[in-house]
Amino acid sequence: MSNPDPSKMKQDCPEKNECLKMLQLILDGEATSEQKDHFLKNHLEECMPCYKNYHLEVAIRQLLKTKCCQDAPQELVDDIKTKVINNLAR
Amino acid sequence: MELEENSPKQNYTEAEKQTIFHGEFMPHINSMYNFAYRLTLDADDAKDLLQDTYLKAYRFIESFQKGTNAKAWLFRILKNSFINDYRKKSKEPSKVDYQEVESYYNSEEVDRQITPDLRVEALKDMIGDEISNALNALDVDFRTVIILCDLEGFKYEEMAKILDIPIGTVRSRLHRARNLLKEKLSEYAKQMGYKTA
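Quick mapping for you: the protein sequence lines, in order, are chains A and B.
Residue numbers for the first sequence follow the UniProt record's numbering, so the first one is 1 and each next one is one higher.
Residue numbers for the second sequence follow the UniProt record's numbering, so the first one is 1 and each next one is one higher.
Since the hints were derived computationally from the structure, they do not count as laboratory data.
Quantities reported herein were computed from a predicted structural model and do not represent experimental measurements.
Among these hints, one or two may not hold up.
In silico EDC-like links for lysine to aspartate or glutamate, alpha-carbon gap of 20 Å or less [claimed, not checked]:
1) Lys52/A - Glu183/B
2) Lys67/A - Asp129/B
3) Lys124/B - Asp52/B
4) Lys83/A - Asp52/B
5) Lys21/A - Glu183/B
6) Lys52/A - Asp28/A
7) Lys67/A - Asp125/B
8) Lys190/B - Glu121/B
9) Lys10/A - Asp117/B
10) Lys161/B - Asp141/B
11) Lys71/B - Glu16/B
Using the sequences and the hints given, assemble the complete structure.
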């Protein structure tokens, strides 16, 4: 996506909520390529609220991925392996 | 009922079982731990839940078909174990009836009210636990769909199977969950001194 000129963009979107749903479908990888093309190429470049929403959605996803993933403690992993191996030996 | 009831039972040798367990189940242990932790919100409960789930997965390994999605299969077992064994004794205060919550948040009324005015710049300054706390503060059903989709990258269809709900519900629940998350985040943004746009 290029950097659209804000002065030429719509400042209000009558379909904002529907657009947000479409945006999420696209970011979730669940939209068809036509939906994607239409929205990303035609709508987003000319609509300020949706353009902002797009960047917000992307930023939240990134933040979630960097801040909300914890690895399992190694001793727990080892413990589970040992328990299953003991199970196998029986 | 919690394991694929209609999948044919496989016959694996002990060696095959080991290969599946170590090759297909163990690689997901970090994602599984994170899921367990985010569901229980307690490190000890998360440990127990994870351990139970892996032992269960091993015990029912013959219901797992090689080549199918091991991660989704494991997540489904974990989520069912959580509902059956942990949700009842969970330390969380008893929640409002979920159906009520969902129908409330499904009304178009709420969509118009919830216009979380949150800006990317505010998010960039959330370098601490804000997002994690916001996620944990969501009702567990809303929390779950965000974890499955945004953290683990499951497709809607896989989520529908893991949660035993229709795809349409997955989609609408996700939409509500994200609105609620944004609401929480904009509260934090306000506390951080950001004016809402």
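Status of the hints after comparison with the structure:
no., hint, verdict
1, Lys52/A - Glu183/B, "16 Å, holds"
2, Lys67/A - Asp129/B, "7 Å, holds"
3, Lys124/B - Asp52/B, "38 Å, violated"
4, Lys83/A - Asp52/B, "11 Å, holds"
5, Lys21/A - Glu183/B, "16 Å, holds"
6, Lys52/A - Asp28/A, "18 Å, holds"
7, Lys67/A - Asp125/B, "13 Å, holds"
8, Lys190/B - Glu121/B, "12 Å, holds"
9, Lys10/A - Asp117/B, "18 Å, holds"
10, Lys161/B - Asp141/B, "15 Å, holds"
11, Lys71/B - Glu16/B, "18 Å, holds"
In the structure shown, a violation is registered for the earlier hint numbered 3 alone.
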